[in-house]
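Under the numbering used here, think of the first position of the sequence shown as -16, with each following residue one higher.
No false leads were slipped in.
Subject to a maximum C-alpha distance of 20 Å in a straight line, what follows is the list of computed SDA-like cross-link-like pairs (lysine to any residue):
id	residue 1	residue 2
1	K105	L181
2	K81	K301
3	K111	P99
4	K34	K317
5	K296	D192
6	K209	D42
7	K113	D142
8	K182	S102
Pair by pair, the computed Cβ-Cβ distance ranges are:
id	residue 1	residue 2	range
9	T6	S252	34 to 44 Å
10	P269	R179	21 to 31 Å
11	A254	V295	40 to 50 Å
Hints are computed from structural coordinates only; laboratory data are not their basis. What you are looking at is a predicted structure, and each value in this text was computed from that prediction instead of being measured. Glycine included, C-beta positions come from ideal geometry on N, C-alpha and C.
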Amino acid sequence: MLKRCLISLLLVLCATVPACAQTRTKVLVGMGSPVLDSSVAANVGVPLAMKYWDEQGLDVSIQPGNATMHLQALLGGSEDIFYGGPATAFQAMEKGAKLRLVYLFVGKNIYYPVVPDTSPIKNVADLKGKTIGVASYASQLTVIIKGLVGDAGLDPKRDISIVEIGVGPQAIAALRTGQVDAWGTFDAQIAGAEQRGLKLRALSSPYLDKLALAALYMVREDYYQKNRDVLEKFFRGVAQGTLFTMTNPDGAIHALWSSVPNSKQATLSDADAMSAAMAVLRARMPAITPDTGKLFGQMTTQQVVDYQDFLVKSAMVKTQVDSAAVQAPEIWEKANQFDAQKVISQAKAYK
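Construct the entire structure; sequences and hints are all you get.
Written as structure tokens, this is what we have:
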């Protein structure tokens, strides 16, 4: 009798508490970056610390690493969601992979080649004959750099050299010592380098400004068809985390540190670590803040068209997929259905 009562009590608790271990749905997310820094406070740190995913019955695991490795894991079925740049995803789709672009997290271009401010390189055309460092040959930046120099009239196969230099201090040292002439990188890395005293100048162009699909989440088509409810819940947590971060950036960094302890630079004092983390987050904020009238996660068909045009022009793909058909508007629409005022109040109260 006692045993039956205990079992009944456990069943009642699991039915009423979303985070109950027996009912939580596991979600494995591959992050296309080896480093979880404050640029992912909104979509990793805050949802974990505030238990936004737990409250909706999800057991989310975040796996940082090489973008190509995670895309392969996604295609192979060993991961559920992939977060990264879409260039390699479109290349995979051209070869027959069935992918869905579910949620746009970084909706403005964040990728640029940079040079020391004392460099004689003044524009993209000046990169002719130069060596450009990137995190890895498989990174989206490799694709973007090739497209950028091609747009400037250079031959990316003959006129430039691209080498791998990693990220963070390793990449900064390569640029500082002249191992490379330019560094193909993104906003968070640029902010981190400038925090370390390196004065940089970005080489921009109207060509780069059109690449508004900077970083997004994608899933396999079969996963999308079978798990829309899971995706709605997961991205609701991302949307809540983004609003929290917009309201209280300082709190978002503390939330990241509490949920991902190794995201805090251990060699720095608390004040210096916060200063460095805030520089990175401030650099990323404009790109994750939706334009007026847009929902969290929303992308437009024109953004997808522009990005595919870039890939075709830079010879990364030969054909395009249906730009409207690969989106998932019903996911981001439902992801935005939460109590915004409650999240804002939580953010303001968080220390």
